[in-house]
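Quick note, the sequences are listed as chains A and B, same order.
Taking our numbering, the leading residue of the first sequence gets 3, the next gets one more, and so forth.
Taking our numbering, the leading residue of the second sequence gets 240, the next gets one more, and so forth.
Calculated from the structure, these hints are not laboratory results.
A quick note: this is a predicted structure, and the numbers were derived from the prediction, not measured.
Among these hints, one or two may not hold up.
Stated by the list, open to error - What follows is a list of derived Cβ distance ranges for each label pair:
{"#": "1", "chain 1": "A", "residue 1": "Gln210", "chain 2": "B", "residue 2": "Glu324", "range": "26 to 36 Å"}
{"#": "2", "chain 1": "A", "residue 1": "Trp15", "chain 2": "B", "residue 2": "Val255", "range": "33 to 43 Å"}
{"#": "3", "chain 1": "B", "residue 1": "Ala275", "chain 2": "A", "residue 2": "Glu126", "range": "47 to 57 Å"}
Note that CB positions come from ideal geometry on N, CA and C, so glycine has one too.
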Amino acid sequence: MTATLEFHGVSKWYGQVSALTEVDLCCGPGVTGLVGQNGAGKSTLMKLAAGLLNPSTGEVSLCGERPTRRAARSVLGYCPDIDRFYEEMSGRNFVAWMLRLDGMTARAAKARAGEVLDELGLGEAMHRRIGGYSKGMRQRVKLAQALGKRPSVLLLDEPLTGLDPVARHEVTQVVRGIGQSGVCVLVSSHVLHELQNFADAGVALIHQGRLLAHGAVAELRAQMGERPHRLRLRSEHPRELASRLAALDVVASVSVGDDDVRIETRAVAGAFAELTRVGASARGLITELQPLDDDLEAVFGYLVS
Amino acid sequence: MNPALTTLVLARQTVVRLLKSRMLWFLLLGVLGATAVFYFASRRLAHSMRGDTAFGTIAVAVYMQFVLPFGALYFGVNGLQGDIEDRTSVYLFSRPLSRTAMLLGKWLAAALVATVLVVFGLVLLHAALAARGTWRLNIGPPVSMLASFAHGTALAALAYAGLGVWFGAWLRRPLIFGIVFLSGWEGVIANAAQQASARALTVSDSLRRLLWHAHAPRDQYAEILLGPLRIEPDPEALDPSLAMLRFAAITVALGAWIYGRREYDARTAE
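So here's chain A without its partners, still in its complex pose (with noise of 0.2 Å):
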């Protein structure tokens, strides 16, 4: 069974308010990017998906079965993004519990939260009461029971919220390793260049409700022709730079600093080629090139703007 989780035509309302409207998206193994301001409609995506709440339209699909079937959920894991548990539990007997209630045995889910916990940094802290948990400290042990049952389908919603740099990383690295395994993982967040390091399936955009793109980063911003490209490029010798560039077709606008000049250009592939011949032709005269526009945050921007 290969996992997947499908939106066909979605839509979802509050009453009168529209939260999500006409979501198609179709997510596979490796992790996929959820991307979008506050209120744009990441996290009802999420709780469609997790079977908490039911679609007004349309269809919801986990490796097949709608989400709210219990086959579905024995395969999905899913970290909500609110801040709540029993706080008088600790760690461990709160990730022990839901493994529970995930069906295994009381000694095979004390064992797996041990291990989970610990693979998440908490081994030392598991035994404590979540009470007196620090915010990155709760936030793992949220992860920690949707990893726990080692899930087809793993929904994380803003799992880096709270972390701290380390952390993040260490989060980021166990979710990269569990999207590389073949689950289908799906991480919503507004940190957007961290969400671009380990979206290795691509990100989908979302605005206001309506997902505006979905595949990869650097194939979303080539298809926005219509958008100049940014190139920014430090250079001994800017200003003999910025006379050479000028007098490329390529090249729509120059501008030049101390030590770099910026271009902007519509047909980036031709760009670059000029910028190899350029920068071949004198020594320091480009020493080097940073699009400044490619990353998810840029796509975005252009795509709400």
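Got chain A sorted already, so can you dock chain B onto it with the hints?
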């Protein structure tokens, strides 16, 4: 997890949760306070009534008409709504569990906690009344009354807790509607309706009939069981135990139907 095990696990978790409820401790404090009051009042009561009459009257007035219905209803509502309100229900709702089994677990837990609380209060009351004074005609409160009160308490707790889980699954302000039901519907219909079929729609009528048949009450105890209109129990009416179980089954079924279709946090958009 199979539904039976889900029910047991959720019942256990709900009991643990309810044991931390302030309302339980408030009611327990009330029970202890009432016991102390009746301990000191028992000598005076003993001059004017028999022990069985005193015990029956107080047990019905304090426990059957107040602590039991309010406690069981509250625990039913709280058991069901507690994790919805604090949003920890997200962990349960996203797991492969039967919603009906979850609701059954919460219902049983609420009924169990209410039953234990009330029976504990009745035992204390009995001990307080039995320990003091020489009762009229030398008839103290018999221990056998405790058994029928415990029987009635357990059945009524199932019914009231059923009402609690139904209202908890259905209404936004279940406690307010519950209190309106208890003080309005139960109070008016059980006391004022002439037709037995109408009174059968209440729990308290069945509970009173059960106690009436079990104790053959007299004096004040008989008066409180008959109500202000002094309507004697209809011998043709459905067996009171079955009537309470029927009430519980209907309310729990309605609650399960609603709970099974309930969306998580559906009222809050992002």
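For the range 47 to 57 Å, tell me whether the beta carbons of alanine 275(B) and glutamate 126(A) fit it or not. Hint holds: Cβ distance 49 Å, inside 47 to 57 Å.
Is 26 to 36 Å respected by the C-beta to C-beta distance linking glutamine 210(A) and glutamate 324(B)? 30 Å, holds
Cβ separation of tryptophan 15(A) and valine 255(B), checked against the hinted range 33 to 43 Å: 38 Å, holds
Comparing the model with each numbered hint stated earlier shows that all of them hold.
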